[in-house]
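> On the provided structure of chain X, position chain E as indicated by the hints.
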Amino acid sequence: QQQVKQSPQSLIVQKGGISIINCAYENTAFDYFPWYQQFPGKGPALLIAIRPDVSEKKEGRFTISFNKSAKQFSLHIMDSQPGDSATYFCAASTGNNRKLIWGLGTSLAVNP
Amino acid sequence: DAGVTQSPTHLIKTRGQHVTLRCSPISGHKSVSWYQQVLGQGPQFIFQYYEKEERGRGNFPDRFSARQFPNYSSELNVNALLLGDSALYLCASSLDPAGGREQFFGPGTRLTVL
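So the sequence lines, in the order shown, correspond to chains X and E.
So that you can map any letter, position 46 of the first sequence is 46 in the numbering used here, and since no number is skipped, the others follow by simple counting.
So that you can map any letter, position 75 of the second sequence is 75 in the numbering used here, and since no number is skipped, the others follow by simple counting.
So that you can see chain E by itself, here it is in the shape it has in the complex:
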């Protein structure tokens, strides 16, 4: 079975631009979470989606938005990019709330903002 997949692998943008990151969860998983991991730190929670609805939001500005599609894949959008948005963006999938608690992570998208 394929694990969590993310695209693109790497991305270079300039300040002020917009970026869209994509994630496909493990087959059968209906919940997707997004995390930002700055170099040398642990991941920080951005969003959780389940059944196309936002179930949780971390302490990130409104420039960050996300959505989940009927096939449970997800997009993370970041507007008006800042230098500080440079990070590894991780997507994690998990079963529905009645299922397991484990989250499985994709390889991440490395975003560099110049």
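Pulled out of the complex, with its shape left as it was, chain X reads as follows:
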């Protein structure tokens, strides 16, 4: 059973466009929701994270929107660039447990 469901599986966006990746979760005990970016052959790199007491968090071109009642959160990449082409993972964890539960990933391709 996938505790964190991520969509779409793949995404193609034109340069300058907005990339949107969505995640949904079931466990209401989750209280930490990070997004990671991973390039081929590399480890995941933390992009941005949010806690459920905040509905939106923005860092540069990256924004997380969080909907606690719907148990959904999403990553928006504004002004997408070819260098953003990578696999993006959402994840969730609870309490002081560092165990991250991951989505299956979204492969993003930004066309020049």
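I should point out that these hints are in silico values taken from the structure, not numbers from a laboratory.
Keep in mind that the hints are not guaranteed to be accurate.
[What the hints assert, rightly or not] Just a few of them, taken from the derived set where beta-carbon distance is under 7 Å, the chain E residues facing chain X: (1) Pro70; (2) Leu90; (3) Arg101; (4) Glu102.
The beta-carbon is built from N, C-alpha and C at its ideal position, and this holds for glycine as well.
Same frame as chain X, but now just chain E:
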């Protein structure tokens, strides 16, 4: 500051062999977690260690074991390797539980079992 380092970068083993993977966390980080990432999937949690004690264990067989040393570095050991153990093994470090929640990942060790 150096990030999380892992060694070796790549490793090729045959079925039935044993492997040891190593991880050094970010300076000041006392917690280390291990994840297995099969190609095309998200990472799966294997172990978490803090102050040399196991704090969490994922759904992996007893062939997988780990330990953390006084300098907070860690080893992941896998015995009796199976073809299905082929994956990218990731180490992540984080502050102690009273600190931040963020986990920072190393580049991983690519294990191929033939």
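> Compare the structure with each hint and give your call.
Status of the hints after comparison with the structure:
A hinted interface residue such as E/Pro70 counts as satisfied when its beta carbon comes closer than 7 Å to some beta carbon of chain X; here the least separation is about 20 Å, so the hint is violated. Interface restraint check for E/Leu90: the shortest CB-CB distance to chain X comes to about 5 Å, inside 7 Å, so the restraint holds. Evaluation of the E/Arg101 hint against chain X yields a held restraint, the C-beta minimum of about 5 Å falling below 7 Å. The restraint placing E/Glu102 at the interface with chain X holds, with a minimum CB-CB distance near 6 Å, inside the 7 Å limit.
Checked against the numbered hints listed earlier, the structure breaks hint 1 alone; every other hint is satisfied.
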